[in-house]
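Q: Sequence order for the protein chains is A, B and C. If you're matching positions, the first sequence starts at 0 in numbering that gives the first Met the number 0 and goes up one per residue. If you're matching positions, the second sequence starts at 0 in numbering that gives the first Met the number 0 and goes up one per residue. If you're matching positions, the third sequence starts at 0 in numbering that gives the first Met the number 0 and goes up one per residue.
Any given hint might turn out to be false.
When the alpha-carbon atoms are kept at most 27 Å apart in a straight line, the in silico DSSO-like pairs for lysine-lysine are as follows [to be verified]:
1) C/Lys220 / A/Lys126
2) C/Lys190 / C/Lys220
3) C/Lys5 / C/Lys37
4) A/Lys15 / A/Lys81
5) A/Lys126 / A/Lys15
6) A/Lys15 / C/Lys220
Hint data in this document are derived by calculation from the structure and do not stem from the laboratory.
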Amino acid sequence: MSRTYSVEPWVVDPLKGFVAEADARMVLLMTPAGQVIAQYGFTRAVDVMAAAALGAAIVSAAGAVARMLDEPVFSALNHQGKQHGIFLAGFDTPRGRMVVLVVYGRESSPGLVQLFFEEFARELVAKCPEPEAPKPILAKDFERDLNETLNALFRA
Amino acid sequence: MTARLQRALGGVTRVRGVRGALIVAREDGLVVADALMEDIRGNAVAALAASLTRRIGEAARASGVGTPQFLHLEATGGALLAAAAGDEMLVVAVTEVGVNVGLVRLEMFRAAEAVQ
Amino acid sequence: MSPDVKAMTTELIRDAGSLVFLQLGEALRMEGQIEAAKKVARTGMERHPELPEAHDLYARILVSGKEPDRASQIWHELLQSNPRHVGAHKGLGFLSYSHGNLDVSRDHLELALAADPTNQSVIQALRAVRNAAEAVTEEYPSPAQPVPAELPATPSTATGETTSLFAAFGSGDHGILLVDVQGRTLAGGLKTPGGADGSSETAAHLAGVSQEMERTARMLKIGEWRWLVVEATDGNVHLTQPAEDTLLFIVRDRDVPAGRLGLLAESAGAKARAWLDGQRA
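Throw the hints in and build the complete structure from the sequences for me.
A: Right, dumping it as structure tokens:
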């Protein structure tokens, strides 16, 4: 069932606000590497993982094209379909760069999504806690972290 | 193209009390051309005007009055006006309180004709 | 009996296996002829037991006939064989909403939307449920009987008093509708140029419009919205807020000037306020 789920509690309120204002159908907040931070509207873990992987790949490919053209990184991409649109944009936070993937329907528009994305990004940057010191990564910790993340995203 | 759109908006912004005028892609809610005072956020005006036009358009059609051609949202500190420019564009204006709406409306429809 | 119902009945008599029973049953339900609608739907189900739409129709008729438990059972059975059945999710969404189970209602409507992302009635219903959920969160009174688009489509819930509230409000009259912010009709009515009742559909589309205007005015820093006028191809519309959480929607011919529409709205608004005060007392 579609609810707002997040592994980072400070993300929940801004994400809920963004979904309501932009009339978004699905939202994925992730790192450029495809690690999911929060989601709204996805019903299956497999869909989240696939969308995150594809979103990260698009951001990476767009970045490569930008470098070829000696352009700064593209800040936002929009693909307009007949019934759905996809909006993909990145922004910097104290915890590094984050990427937002938004799926919206005809009840919204690229203009609304772009407008409220700007507010969403500003709010996230303002609420983002300082980064924690990196810890050594162990295989068993990785597996536990992965399970905890999936549980948080789907309340399994 | 851009010069023609800017000229079309010039007639609207020349009316006293108009703080900005834009041509907006109706479906996308994105700015096509604008002539705005500094404190007006063009992307916000475009997105919100297109969204409001669409939402109120659904209610208008359900009530049997057809497709909206002109919309006037009056607020305590100003107004938002939107005129249809064909099926794909809107001419939008943000005004102060007490503006001559009749004159702005006339100029907006002139601009709409120039856009089509 | 309306000409459409008559024509569909004739068609069904001519060909008892025709799928026209689906439209006929729905038309009878809309006209409030519940027993006749049930009979048509049951006969259709006997002839087409594998047709999910026949069961969906029967469940809708049961809701209109005040048998929600039996309807719920049918929709749940439908979902067991087809978990993506839009009608079943819509129906269960409506029933849950009626019982104040907003979370369950939203879940069903979101699943309906996932199955059919272009279904405008589901979009409208979902919007109404989300608005209601927000209202509950903000500790407003819990929602009473909702009106998600298309459901339950009993002909009209307006009483003689509510439909006549705005009687005699000038010429070029297409009607006046008083709705709450969740898209539920409170009083009045609208007739489309074709003579059909446009009240429920218009009311459903007005759900969320006041928030949209409030947001627009706030973000553009033009103060608080007071009213909205729309000039459309076949008429003019005036929208105002006579009291908190309500909207007054006035429709007139195109030749009724905007200024006069404003005066009309003031008078109708005063009348609406007095009526609302009376209802709340």
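Q: Hints first: check each against the structure and report whether it holds.
A: Taking the hints in turn, this is what the structure says about them:
1. C/Lys220 / A/Lys126: 25 Å, holds
2. C/Lys190 / C/Lys220: Distance ~36 Å between lysine 190 of chain C and lysine 220 of chain C Cα, so the pair is violated.
3. C/Lys5 / C/Lys37: Distance ~17 Å between lysine 5 of chain C and lysine 37 of chain C Cα, so the pair holds.
4. A/Lys15 / A/Lys81: 26 Å, holds
5. A/Lys126 / A/Lys15: 14 Å, holds
6. A/Lys15 / C/Lys220: OK: lysine 15 of chain A and lysine 220 of chain C at ~23 Å, within 27 Å.
Hint compliance for this structure: hint 2 alone is broken.
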